[in-house]
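Participant: All chains, full assembly: derive it from the sequences and hints.
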Amino acid sequence: MKGPLFYSKILLFGEYGIIKDSKGLSIPYNFYNGALKAENNSTPEAISSNESLKRFVVYLRELDKDLVTFDIDTLQRDVEAGMYFDSSIPQGYGVGSSGALVAAIYDKYANDKITVLENLTREKLLKLKAVFSEMESFFHGKSSGLDPLNSYLSLPILINSKDNIEATGIPSQKTEGKGAVFLIDSGIVGETAPMVSIFMENMKNEGFRSMLKDQFIKHTDACVDDFLKGDIKSLFKNTKQLSKVVLNNFKPMIPSQFHELWKKGIETNDYYLKLCGSGGGGYILGFTKNIDRAQEALKGQKLEVVYNF
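Mind the numbering: the sequence shown is residues 56 to 364 in this note's numbering, read in order.
Derived EDC-like pairs (lysine to aspartate or glutamate); straight-line CA-CA distance at most 20 Å:
no.: 1; residue 1: K179; residue 2: D119
no.: 2; residue 1: K217; residue 2: D76
no.: 3; residue 1: K57; residue 2: D126
no.: 4; residue 1: K75; residue 2: D218
no.: 5; residue 1: K268; residue 2: D218
no.: 6; residue 1: K197; residue 2: D218
no.: 7; residue 1: K306; residue 2: E322
no.: 8; residue 1: K182; residue 2: D119
These are calculated hints, taken from the structure and not from any lab test. All values derive from a computational prediction rather than experimental measurement.
Facilitator: In structure tokens form, the structure reads like this:
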């Protein structure tokens, strides 16, 4: 048995903001993927994944039956027989490792599932997001459901607000272009739950709340609009502002050895850095008008280009 592949994702814009109704834009990232498997299940990774799935089955049994039901007996049997999630998606890197697993389980075991081939109305997308949110909360505490949605549909998702999401198209890449979105490997595994609780704690502070609304969300929304319109000049202007706001207000989410590099990018305009997912480690997202200059300036860092302008 080998299930279909589910891909990683990158939330280009909207981390933290979407908790408070900012816009967001999430794109599939086909470099990493995962699938449910039954054979070769004696490796340490397979055994650990299978143990996690056993706990997940117990959790899924208790989910609201009005929201979603599963063929839980078949799932239980497959897991008891050693099924695991065989994945190249790094965990704790902000690229949706648990999202791909949730998408794979829903795809194979959900009853009356909404499929990618249907006319995906807003209602259906919100229903899927609600189901995935409940499922993925097993891994993270509180989940928006967006990662599994992106992985399941393998389409860019535009978040206009909590109750308004749509599958969208993004401008096609210019492979010969010098502009790029890239990932930097921080070399540290990040954990979502502690980062989200720091954020929630900060939200009790009125100054932080108004910064979020007047600066962070304002620039995030502008970046999403610029990216979708292909307005590169305005995109870089807003990404620079966003990078500044994050450096000034989200320091705990930025691994300390990147504080100087973050500042240097803003000062030189060679690149601008932002959080990829909740931060605290994993990947850091970068935007540059000139990838050669950025690579030179970030010598010694591992860069992966994910999109060319």
